[in-house]
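Here the working numbering is used: the first residue of the sequence shown is 1, the next is one more, and so on.
Rather than coming from a laboratory, the hints here were simulated on the basis of the structure.
Using C-beta positions, here's what the derived DEER-type ranges look like:
| id | residue 1 | residue 2 | range |
| --- | --- | --- | --- |
| 1 | 147 | 52 | 31 to 41 Å |
| 2 | 143 | 16 | 14 to 24 Å |
| 3 | 147 | 109 | 32 to 42 Å |
Glycine is no exception: its CB is placed at the ideal position from the N, C-alpha and C atoms.
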Amino acid sequence: MPRLFTAIEIPEDICDELYRLHQPLPGARWIQPCDYHLTLRFAGDVDNLIAREFAANLASVDVDAFELTISGLGAFGGNDPRSIWAGVAPCPALDILARAHEKAARNAGLAPDKREFKPHVTLARLNSSNPEAVARFLTRYSGYRSEPFFVAQAVLMSAKPSVGGGPYAIEERFPLRGGLYIGDESEASW
Numbered sequence: 001m002p003r004l005f006t007a008i009e010i011p012e013d014i015c016d017e018l019y020r021l022h023q024p025l026p027g028a029r030w031i032q033p034c035d036y037h038l039t040l041r042f043a044g045d046v047d048n049l050i051a052r053e054f055a056a057n058l059a060s061v062d063v064d065a066f067e068l069t070i071s072g073l074g075a076f077g078g079n080d081p082r083s084i085w086a087g088v089a090p091c092p093a094l095d096i097l098a099r100a101h102e103k104a105a106r107n108a109g110l111a112p113d114k115r116e117f118k119p120h121v122t123l124a125r126l127n128s129s130n131p132e133a134v135a136r137f138l139t140r141y142s143g144y145r146s147e148p149f150f151v152a153q154a155v156l157m158s159a160k161p162s163v164g165g166g167p168y169a170i171e172e173r174f175p176l177r178g179g180l181y182i183g184d185e186s187e188a189s190w
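Using the sequences and the hints, build the whole thing.
Right, here's the structure in full:
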């Protein structure tokens with residue numbers, strides 16, 4: 001039973017920039033750059049039939065390619081921070097793509113996602129990190145902004161069950177309208 005989610009890949013040069021922001025922070029487990037991504041829709045552990053239906057629905061998504069900029073840092077968890085993330089500049093096209101992936105998931109039989117879509121790239125997972133140290137880190141790098149990059153495709157990814165933060169595998173690629181599709185075709189294993 002695969003654990004699936006859809007995402008946007010982050011270009012290697014931006015991954016390298018983001019990784020250079022990390023610093024020693026007690027309780028932080030920094031994500032490796034090869035596992036950076038922006039989740040569009042988490043599906044979770046699904047059976048093979050739903051996985052195939054979800055992938056078929058994603059293949060019919062017809063959304064324009066667009067530019068995206070990583071901008072700003074934040075943390076989830078308030079006074080008990082659980083993760084550090086890089087956000088994105090407002091992008092209506094990204095919201096359209098996320099809604100299309102939500103519809104594809106629901107049409108495959110998945111329950112509606114109850115969480116509000118908050119586009120981000122997880123940089124670190126935190127365990128008992130000092131909130132003041134996290135706040136200092138966020139203040140230091142709050143002005144981070146990447147160069148815009150072209151989003152030409154979305155991907156369906158899988159993760160090992162019960163393991164947060166990777167490693168992840170790309171199961172299928174879904175080109176966006178007007179995007180240059182680069183990459184090799186992969187057959188899903190379900």
